[in-house]
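Peer 1: Residue numbers for the sequence shown follow numbering that gives the first Met the number 0, beginning at 0 and rising by one.
These aren't lab readings, by the way, just hints derived from the structure by calculation.
All values reported here derive from a predicted model rather than from experimental measurement.
Every residue, glycine too, gets a C-beta built ideally from N, C-alpha and C.
Just so you know, not all the hints are guaranteed correct.
Stated by the list, open to error - Derived BS3-like pairs (lysine-lysine); straight-line CA-CA distance at most 30 Å:
#, residue 1, residue 2
1, Lys136, Lys218
2, Lys129, Lys178
3, Lys85, Lys129
4, Lys221, Lys129
To be verified - The calculated label-pair distances, taken between Cβ atoms and stated as ranges, are:
#, residue 1, residue 2, range
5, Glu201, Leu270, 46 to 52 Å
6, Leu270, Pro50, 56 to 62 Å
7, Arg125, Ala304, 44 to 50 Å
8, Arg289, Pro246, 40 to 46 Å
9, Glu329, Glu378, 18 to 24 Å
10, Leu211, Glu121, 28 to 34 Å
11, Asn93, Arg350, 22 to 28 Å
12, Asp264, Glu378, 35 to 41 Å
13, Leu270, Met138, 45 to 51 Å
14, Glu102, Thr331, 25 to 31 Å
15, Tyr182, Arg147, 46 to 52 Å
16, Arg125, Leu168, 30 to 36 Å
17, Arg384, Arg289, 36 to 42 Å
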Amino acid sequence: MNRQIIVVALVTLALGAAGGYWFARTGTPHDMAASPQVQPAAARPLFYRHPMNPQITSPVPVKDNMNMDYIPVYADDTPGPAGTVKIDPVTVQNIGVRTARAERRTMGHTIRAAGRVDYNEEGLARLNPKTEGWVDKLMVSTTGERVRRGTVLLSLYSPQLVTAQQEYLLALQNRTALKDSTYPELQRNASQLVDAARGRLELLDMPEHQILELERSNKVIKNLHIHSPFDGVVVSIGARPGQYVTPATELYQIADLERLWVYVDIYENELPWVHVGDNAQMRVNAAPGRAVEGKVTYIYPTVDAKTRTVRLRLEFANRDGLLKPDMFAEVTLRGGRTLNAIAVPSEAVVRSGAREQVFIMRAPGKFEPREVQIGVSAEGWTEIRAGVSVDDIVVTSAQFLIDSESKLREAVGKMREPAPVAAPAAALDMSDMDMDNAGVAGGQPSP
0 MNRQIIVVAL VTLALGAAGG YWFARTGTPH DMAASPQVQP AAARPLFYRH PMNPQITSPV
60 PVKDNMNMDY IPVYADDTPG PAGTVKIDPV TVQNIGVRTA RAERRTMGHT IRAAGRVDYN
120 EEGLARLNPK TEGWVDKLMV STTGERVRRG TVLLSLYSPQ LVTAQQEYLL ALQNRTALKD
180 STYPELQRNA SQLVDAARGR LELLDMPEHQ ILELERSNKV IKNLHIHSPF DGVVVSIGAR
240 PGQYVTPATE LYQIADLERL WVYVDIYENE LPWVHVGDNA QMRVNAAPGR AVEGKVTYIY
300 PTVDAKTRTV RLRLEFANRD GLLKPDMFAE VTLRGGRTLN AIAVPSEAVV RSGAREQVFI
360 MRAPGKFEPR EVQIGVSAEG WTEIRAGVSV DDIVVTSAQF LIDSESKLRE AVGKMREPAP
420 VAAPAAALDM SDMDMDNAGV AGGQPSP
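All chains, please: the whole structure from these sequences, using the hints.
Peer 2: Listed below in structure tokens is the structure:
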């Protein structure tokens with residue numbers, strides 16, 4: 000029985016020796032992810048760090064107080080700024096990382112918006128009588144009719160105006176009667192009465208030609224003429240023959256159409272590009288292929304709460320009458336330009352709400368998150384005012400995957416930070432300890 004056991008043991012020992020020899024020849028399987036990174040033979044370490052405390056380094060290979068070798072640190076192992084991510088090339092390709100270079104550009108922006116043509120309020124006149132009376136006759140009786148400056152629009156009978164004319168005629172007669180008076184004061188008073196009576200006629204808007212006719216004929220003129228103040232178009236008529244009117248009655252509304260206003264609404268983020276005096280182009284369906292040049296004359300100070308837009312007022316010349324009020328138009332604004340600005344593709348900027356950042360590729364597969372200060376955005380590019388230099392390589396796709404990994408790495412790094420120690424080298428030096436005579440509490444030797 001004992002002999003059989005000895006034979007089995009010898010066979011087992013022989014098989015084990017053979018298996019060990021074969022296993023050593025073929026190699027031991029291992030986890031690639033868990034094994035330490037093997038540096039190329041040509042790579043030279045930057046420095047050596049303590050195996051227990053990364054804060055302790057040495058420029059040459061040394062051993063610590065426990066006879067442990069310092070660990071070499073290569074260029075690819077140097078820690079970058081907080082949140083720096085290192086990804087292997089295969090993963091970079093799989094997640095579709097794309098990059099672009101930061102460059103200097105002239106940042107300009109073209110705004111296209113719908114506009115509405117309207118009257119120029121500065122060239123819009125509303126005519127009201129200065130006295131009560133009755134409309135005798137309308138010389139211009141239809142809206143849309145073009146009138147010239149000084150055109151008689153209507154005649155108005157006013158008892159108040161008749162009385163004022165009579166007073167003026169009496170003042171003229173009195174001045175004539177006292178012309179040869181030996182009392183200069185009476186002559187002066189008579190002239191003052193004439194001036195006062197004439198001034199009253201002017202305040203009642205009696206035109207100059209009717210006052211001259213009154214002086215020449217020495218007869219009261221029954222009807223007052225209402226004239227157009229400038230060249231324009233009759234927009235509305237508020238009186239008809241025989242109608243009783245007061246100073247509150249709007250008789251006519253006349254608009255000057257040689258210069259028109261156009262209202263345009265733009266979004267809040269387009270405001271930095273627009274300034275008073277900027278040039279604008281407008282096209283209307285009534286003139287295909289033709290562009291009308293104008294300027295921005297006013298930016299309204301409020302934002303529409305529903306549409307989140309700001310209204311602009313533009314002014315265009317209309318001497319040929321092409322533009323009509325209430326037309327719709329296509330307006331193009333060429334905003335101000337920022338020269339020689341550092342810019343990156345807009346998709347490279349990651350906006351978290353609290354800050355903006357981009358990911359800089361420091362080396363193949365190595366990405367550094369960097370907070371930036373952005374400026375204006377236009378045509379797919381965003382101005383970077385701080386945080387990025389010319390020729391920096393920024394990530395333009397898959398940033399959110401890298402951002403998630405960056406935040407995870409940063410959090411883990413903070414948890415792994417060693418607690419500060421006063422003298423790390425002394426703390427690791429155990430050469431003076433007498434392990435055989437180490438005592439327990441109370442100073443008694445251990446059994």
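Peer 1: Would you mind marking each hint as holding or not holding in the structure?
Peer 2: Taking the hints in turn, this is what the structure says about them:
1. Lys136 / Lys218: With Cα atoms ~21 Å apart, Lys136 and Lys218 stay inside 30 Å; holds.
2. Lys129 / Lys178: violated, 33 Å
3. Lys85 / Lys129: violated, 85 Å
4. Lys221 / Lys129: holds, 16 Å
5. Glu201 / Leu270: 46 to 52 Å: Holds - the Cβ-Cβ distance for Glu201 and Leu270, about 48 Å, lies within 46 to 52 Å.
6. Leu270 / Pro50: 56 to 62 Å: holds, 60 Å
7. Arg125 / Ala304: 44 to 50 Å: violated, 31 Å
8. Arg289 / Pro246: 40 to 46 Å: At 45 Å between Cβs, range holds.
9. Glu329 / Glu378: 18 to 24 Å: holds, 19 Å
10. Leu211 / Glu121: 28 to 34 Å: holds, 31 Å
11. Asn93 / Arg350: 22 to 28 Å: holds, 25 Å
12. Asp264 / Glu378: 35 to 41 Å: violated, 21 Å
13. Leu270 / Met138: 45 to 51 Å: holds, 49 Å
14. Glu102 / Thr331: 25 to 31 Å: Check passed, 27 Å falls within 25 to 31 Å.
15. Tyr182 / Arg147: 46 to 52 Å: Check passed, 49 Å falls within 46 to 52 Å.
16. Arg125 / Leu168: 30 to 36 Å: holds, 32 Å
17. Arg384 / Arg289: 36 to 42 Å: This hint holds: roughly 40 Å between Cβ atoms.
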